[in-house]
Amino acid sequence: MNVNYLYSLLAVVVLGLVAYVGAGAAGLQGVFGIFLPYLAVVIFVAGFVYRVMDWAKSPVPFRIPTTSGQQQSLDWIKQNKLDNPSTLLGVLGRMFLEIVTFRSLFKNSRVELVGDRISYKWVVWLWLFAILFHYSFLAVVVRHLRFFLEPVPFFVQAIEQIDGILQVGLPGVFISGVTLLAGAVLLLLRRILLPKLNYISKAADYFPLLLIIGIALTGIMMRYFTKVDVVKVKELTMGLTTFHLGIPEGGLSALFYVHLFFVCILIVYIPFSKLMHMAGVFLSPTRNLANNSRMKRHINPWNPKVKFHTYDEYEDDFREKMIEAGLPVEKE
Amino acid sequence: MSDKPKIIIGLVVFFALFTFPFWYNHGKATSAPEPLLSAKAKEAKQCVRDVEYMRTEHMQLLDGWRDRTVRDAQRVYEINGKEYVASLSNTCMECHDNKADFCDRCHEYTSVNPYCWDCHTYPEEKK
Chain S
1 MNVNYLYSLL AVVVLGLVAY VGAGAAGLQG VFGIFLPYLA VVIFVAGFVY RVMDWAKSPV
61 PFRIPTTSGQ QQSLDWIKQN KLDNPSTLLG VLGRMFLEIV TFRSLFKNSR VELVGDRISY
121 KWVVWLWLFA ILFHYSFLAV VVRHLRFFLE PVPFFVQAIE QIDGILQVGL PGVFISGVTL
181 LAGAVLLLLR RILLPKLNYI SKAADYFPLL LIIGIALTGI MMRYFTKVDV VKVKELTMGL
241 TTFHLGIPEG GLSALFYVHL FFVCILIVYI PFSKLMHMAG VFLSPTRNLA NNSRMKRHIN
301 PWNPKVKFHT YDEYEDDFRE KMIEAGLPVE KE
Chain E
1001 MSDKPKIIIG LVVFFALFTF PFWYNHGKAT SAPEPLLSAK AKEAKQCVRD VEYMRTEHMQ
1061 LLDGWRDRTV RDAQRVYEIN GKEYVASLSN TCMECHDNKA DFCDRCHEYT SVNPYCWDCH
1121 TYPEEKK
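First to last, the protein sequences are chains S and E.
So in the numbering used here, spot 55 of the first sequence is number 55, and the numbers just go up one at a time.
If you count the second sequence from 1, you need to add 1000 to reach the numbering used here.
Don't take every hint at face value.
Claimed, not checked - Not everything, but these chain S residues come out facing chain E in the computed CB check (under 10 Å):
#1 Thr241
#2 His244
#3 Gly250
Stated by the list, open to error - In silico DSSO-like pairs for lysine-lysine, Cα to Cα no more than 30 Å straight-line:
#4 E:Lys1099 x E:Lys1045
#5 S:Lys274 x S:Lys78
#6 S:Lys232 x E:Lys1006
#7 E:Lys1004 x S:Lys227
#8 S:Lys232 x E:Lys1040
#9 S:Lys57 x E:Lys1006
#10 S:Lys331 x S:Lys321
#11 S:Lys227 x E:Lys1040
#12 S:Lys274 x S:Lys107
#13 S:Lys107 x E:Lys1045
#14 E:Lys1099 x S:Lys227
#15 E:Lys1006 x S:Lys227
#16 S:Lys57 x E:Lys1082
#17 S:Lys227 x E:Lys1042
#18 E:Lys1082 x S:Lys296
#19 E:Lys1040 x S:Lys81
#20 S:Lys274 x E:Lys1045
#21 S:Lys232 x E:Lys1004
#22 S:Lys227 x E:Lys1028
#23 E:Lys1004 x S:Lys305
#24 S:Lys305 x E:Lys1006
#25 S:Lys305 x S:Lys57
#26 E:Lys1006 x S:Lys274
#27 E:Lys1045 x E:Lys1082
#28 S:Lys81 x S:Lys107
#29 E:Lys1004 x S:Lys81
#30 E:Lys1045 x S:Lys232
#31 S:Lys232 x E:Lys1042
#32 S:Lys296 x E:Lys1004
Claimed, not checked - Which residues of chain E face chain S? A partial, calculated answer using Cβ under 10 Å:
#33 Phe1015
#34 Ala1032
#35 Asp1097
#36 Lys1099
#37 Tyr1115
#38 Trp1117
If you are wondering where the hints come from, they were derived from the structure by calculation, not from laboratory data.
We put the beta carbon where it would ideally sit given N, CA and C, even for glycine.
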């Protein structure tokens, strides 16, 4: 039994209630609508820079890429240029595919005993849920730019067109909203239902998933069910981006502030959690280094300076004594 | 060997993207649009439902009208003891006769692109 997801669920519910009561009943709309978003952005930026610069300090003297294919060798041996790159171009290709298509998740396999034999099975689910989740999240984030940009640029409208292509109901269903929720729920169920995964999962693994589920649920609620006045929402968000601060006349529903508060929590949480993989994936030395150890000598930069005394110098120092003792010398 | 310069370039690019709304909107006035009511609409004071409802739920109201009209041939919408003909072009646009001044203002502001006008016509807009 892993109770960690209960702690995370409790945390998300409490946070939601804090915003619901704080902005709703207590009327602290300025705090939840203006102060906390700015604070969250500041903490996010500072924390993000701190984490990345901390990583940047780590020295990487040698090449440590995972070599998942034939390395560069003799001309007649075909190199696997993507899985074992030896050039910058190969590394760029590998990184691009890793970041855009999650290739290392795609290679996920499971070890099983089939009868008395060991078998390695290709398991696609993690990759499938992850790619569903991440691309939905990207689409949702880009769509939300409509609240932060005026006039709304073409690429946001283009994504809305594609996302709403089903034209189901009014306001029309956005596919990415549904798939984001589905992806997050599937990733969560994976952690809860698979015993081995459950065993290694901590509260910090469940919390971001539950938080994102909370964000998706409140967003879907506002768009399709309980409704908010989007013109007022945009009035508030545009005020934030142009520093013309103010809560729109009449205020906004408490559910909107729950949504906004969840988002603030999420971006504050990013620099201090596993969600930093958004920067970490770029800095993975097992992916972003070329396997060129056999072509280029990499010298450890902090090797101590050793004073060498070569044989030539030794002979210069002791030549007479060596000749006296009858020892052979290189130079007379 | 240090990759700091490259990493800093990456950070700068990321934050340039992250702060995109700040510099995209920089120096632009931001006032939320108000739909312009025609003389007839002002005179009527009350739409088929109250303002708050119409602001947030008009699309669902219209969706319901469309479905009932097309599927069940129910062309009458009854509310608060009053009867309205469930028609966008005839009932709504009778008062709100200028699409650009009434519908489009908020729709454009919030990047909503309803497909009403794929089928319906709207009164000619007089400037």
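Are there hints from earlier that the structure breaks, and if so, what are their numbers? 5, 6, 7, 13, 15, 16, 18, 19, 20, 21, 35, 36 and 38
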